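Chemist: What follows is the residue order along each chain.
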Amino acid sequence: MEGKVEERYGEGYLEERKLVPRWPAPWPQIVNTIFLLAVFYVTWWIFQDPRGWMRMYTPYVGYMYTRWTLIVLIWMVYVYYYWPFRRHQLDNWHPVLKGVVMTTVSVIILVILIKGFFEGLLGNLSMAYFNPHQLTKLPGVTEFFAIEYAALACLMFAAIASWLSPSWPVAMEMAPWQNLKQPALGTTVLVVTFFIGTIVYFCTMHPHMGILYYPWQYFCSIAPPYWEKFADTVSGNFHVAWIMCCTIIVWTYESIWERYPFRVIKNDWTRRLVAFFGIIAIAWCCFLFLYFAQELWWGPAIRGTRRDAAPDWRWLHVGEMMVFFLLPALFVTFYCNNWPRKFSIPVNWLIRTLISIAGGIAVYWLYYNISHLVLGTQKGYSHPQQFPMIPTIWLINLMLINHWFMDNWPGWKKVNAPETVHAEEVET
Amino acid sequence: MAEEEKKGLSRRDFVKGLIVGGAAGTLGSMGVYSYSPWRKSHFAKAAPKNIDIGECKSLKITNISETSWFDNKNLMGDIKGAGGLLVNQYTYNWPPFAEKKGQLGKGSYEKGIKEIKQWLPNHLDKAWQFQVENAVHPENAGGYACLIDVELLDGSRKKVLLDSGWSFDWTEKCFQREGIDRMLARREIDCLVISHEHFDHFWGFPVTVKYNPEIPMLIPEGFYTEGLQYIKDCGYRGKLTVVKPGLNPLFPGCATYVFAIPIICRVYGEQSLYFNVKDAGMVSVTGCCHQSIIQFAETAQKTIKYKKNFGVYGGLHISPFEDWDPKYDDLVFALKKYNFEKIGCNHCTGIVCAKKFIEAGYPVVRGTARFRSKDTAYLGNGDTIEFKAAG
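As they're listed, the protein sequences go chains X and W.
For reference, each letter of the first sequence is one residue, going 221 to 648 in the numbering used here.
For reference, each letter of the second sequence is one residue, going 79 to 469 in the numbering used here.
In isolation and in its complexed conformation, chain W is listed as follows:
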């Protein structure tokens, strides 16, 4: 050993050096390889499924209401007071689940529904009056809903109601303004699609039930027990379909797609709609699009047989509270790649985002800012948008 040391390097040190050097080399190579273009050879290359959902001729969307709430400051004040964005929405003491003299963040579905169940679904004015007297910020509740009127290739029509608002009072007035109440009563609307369980899309459900308690209804898998119980407590008597994650064709040219994703205020799962418009392309219609519009477009490319992207309608969930994050700029940059020809955004897209879209040169369809919608940068309440092939 002593002789080896004299030579400058023992066998043991050599082996140790070899191990350490080998480990460092492996780690370094691993790091470099992980960012190199060669890594891409390991990615699975799944062929598009090309599922044929058929085609429709055109669709016209009427924005019943995109103003889910009227004052951001109040809404975010409530969320802050209740404990932030992960707090269970049923505990806020927001309408329609307020208990008597409801305190922010101290409520529950059970206590709230007990106060109004007797009036559902036919005496919504009484149920709402209780909310006005007891709920946290009842005046701030609005809601999201739109009517999708589809013309099929044979000339027949299908009507889909996407979401049912929040405030009983506001939603009913909006339904009456656009004639939705009469369409429901005359059974002209084929189904109700609930995009997700959030208060502003789902809690106004009794208004739909009031006019048609038997309307077929589709909800995404992931509703919590409170939401499922609410459907029963509203007096709903129709066919309820809980849609599993993935593609769910509805009628020629139309399919819903459910994404199994966690969402703020303790909600899980979102359902959006695809419409394949003949000679025009794919139109994506969303409630809030928590999965992101780019994910929705990518999913279409991987799943459905169609020619090209054509249009978008709905909330795109970018800056719902007029907040911002640099990652949203990634979306503004990247959307260009998808070549949408007509963008009808509103609701949780956010006014800031709509303005950024316009500045980026995207084909955003402007609105009229009527019926309490705030800005013409996007489609407001009562505005319509049509998607069909040119000429």
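Excised from the complex, chain X in its bound form:
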């Protein structure tokens, strides 16, 4: 009796695939870096650059699409395991074809999400501030700021989703639904994380939106927001910052930390819960420390002022700094096979962490010295319309597309059958 082979879609695909470098190191790393930066610059010019074609860096519109693209990619790969793409397609399609097709699908999902769900459904049937057209009905609000405010609301939701969506697969290991098949599993996790995200949104971001309009919407949201005394600001940037720290720690935990140290906990539910809340605890430590670091560097924040002395900007900048650390961490995992691997786990963990911190500082320095020359942004640290998270997340999105959809093409190739390879360079 022959049983029917069950379709696995992309379950375990990232762990099981074998990627072989086409050339000895460091050429694959160099080639992929050049490839990524070239694609980054071309797409930046087309979509985002204030001197370019579509100029979506208004800034909030471009910012929103960049963040939601990240989340859609996470949904496709980590939540839905590439469903509805079948395993033989993942195994046999050319990386470029996979990259084009899957990226196109992600864009379609993105447009449906923004235009259909946020602007169409929520913006027309629940909270008007998700829909630019509804906002223009408010006296004095111009079309430009109506679009910006609506984009701001969507991207604040995105900040939460970018933390919770990967948290469930990474920290909670999809439990308790891990035995479901796709698409039931993905849909369940998506609905659960969206539900939790909505509660977090109401408690962290909605009060920000409630005082965005004159007069304050006392009967619609808590005004002034409850975090005012603790954060020294009524701005929701306070929450954006710690949530971004959670996002970065989730990915650090998944990439260069290889789920260490929480993976040593043997009891499943203890490990999952400790990982989920441990990530939040680590994120809060980083969050408070990086704010303190700014106080040491620039002096204490002054409430009510603007730019680099303002508490709201300082909180936001905490999140921005964390994203700078994520870039080298992902590079080490995706393109350096999580180097080093030869020491004990804690030592490897420590070295990679130090590399990411050093790399993050280097990228930070580079960004603030050249971004105004190449990205069309403004020089200086605290331009009110400058968000370094836009180019950094844009680049991370491209790295994810390259690693998840394109099997690290062109520097690497995927081998399906045993093949002569440099054993130490095979990523499994």
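Don't take every hint at face value.
List time: in silico DSS-like cross-link candidates among lysine-lysine, alpha-carbon distance up to 30 Å [claimed, not checked]:
| hint | chain 1 | residue 1 | chain 2 | residue 2 |
| --- | --- | --- | --- | --- |
| 1 | W | Lys-433 | X | Lys-335 |
| 2 | X | Lys-357 | W | Lys-415 |
| 3 | W | Lys-415 | X | Lys-449 |
| 4 | X | Lys-599 | W | Lys-385 |
| 5 | X | Lys-599 | W | Lys-184 |
| 6 | X | Lys-599 | W | Lys-94 |
| 7 | X | Lys-599 | W | Lys-123 |
| 8 | W | Lys-433 | X | Lys-599 |
| 9 | X | Lys-449 | W | Lys-184 |
| 10 | W | Lys-151 | X | Lys-486 |
| 11 | X | Lys-562 | W | Lys-94 |
Please keep in mind that the hints were generated in silico from the structure rather than gathered at the bench.
Predicted model only: the values in this text are computed from it and were never measured.
Given chain X, put chain W in place with the hints provided.
Modeler: Only chain W this time, still in chain X's reference frame:
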């Protein structure tokens, strides 16, 4: 080893636990310490510099124009159409740098100035007529400028023109309305201070040059090549001073301060003024105050020798487009701490913000809403404000 495992914990596991526990403890302590009151002991405590800029007796400010543009919807529509708040202002095809049949966001300084250079600075009507026919929304251009008339302790007077508007047509009419044209022609105004390179403060520069091409002029460091070239192309022949970031005393009781800050529409650097009024206190006069009025007041406290804050005049750059952000509420809350006794705000302060100031009980000086100013909540075109000690 097996024996150790039987005992329940190997040496290796113990060391690993120690490392992880130590790391977690360090991280946790770092996090807690970073928000604790103890962290404040690490902050550098720089003593105030107490630089003496002298004192003046009083100052009277005439609002020549605070209406930089007349229709927010058109202005923001242009900004949206051109690609947002980071787009280079010289590419908008706004007046006076329109090319023939200029299209939004497709222009440049070079193409624009070529069309009008021949008429600068003495035939501004012809230059403006070209803009009316070719620019994007020429009817929306207004401008910002004010005259600061200072009485020194010895009874002599100094006059400072802060900024030079935007539209040639509007700025010239406003100058004529307030007699600025005649003062410039008679060399009664001592200097022109340009607060920053924004279109509404600087692009009307030829109007000043028309009446006094030799007036001493101070601009903040950070002007782009287009702005520096425009000064030359206008026919200016006076002494140009590019002020570096920091304090720059002008005459007894008066100093400018330049902040090296990035500003929307690709502008960099802002210059504002301090006046130390005898027996009254410090008066802050600003063009747009992109650095924030609280930063400006804090800088005075750290830098200048004076008794107390007294007054404010100018744009405070809070809701210039009648937009809002909760961080602006932080300013409304925090301003109380600085005890200003007289607030003469307008322009990019925004009407919403002026109303919030009034609701918060701040001493906002009301205006008359004449000459196209929109609301009496703040000082409008043609209004004046005086700062001097009581009695």
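Chemist: Hint by hint, say whether it matches the structure.
Modeler: Going through the hints against the structure:
1. W:Lys-433 - X:Lys-335: violated, 35 Å
2. X:Lys-357 - W:Lys-415: Not OK: Lys-357 (chain X) and Lys-415 (chain W) at ~36 Å, beyond 30 Å, violated.
3. W:Lys-415 - X:Lys-449: holds, 16 Å
4. X:Lys-599 - W:Lys-385: violated, 36 Å
5. X:Lys-599 - W:Lys-184: With a Cα-Cα distance of about 22 Å, the restraint between Lys-599 (chain X) and Lys-184 (chain W) holds, given a limit of 30 Å.
6. X:Lys-599 - W:Lys-94: At roughly 46 Å apart (the allowed maximum being 30 Å), Lys-94 (chain W) and Lys-599 (chain X) break the hint.
7. X:Lys-599 - W:Lys-123: Holds, because 29 Å separates the two Cα atoms, which is no more than 30 Å.
8. W:Lys-433 - X:Lys-599: violated, 33 Å
9. X:Lys-449 - W:Lys-184: violated, 47 Å
10. W:Lys-151 - X:Lys-486: It is violated: about 62 Å lies between the C-alpha atoms, which goes past 30 Å.
11. X:Lys-562 - W:Lys-94: holds, 17 Å
Violated hints for the displayed structure, listed by number in ascending order: 1, 2, 4, 6, 8, 9, 10.
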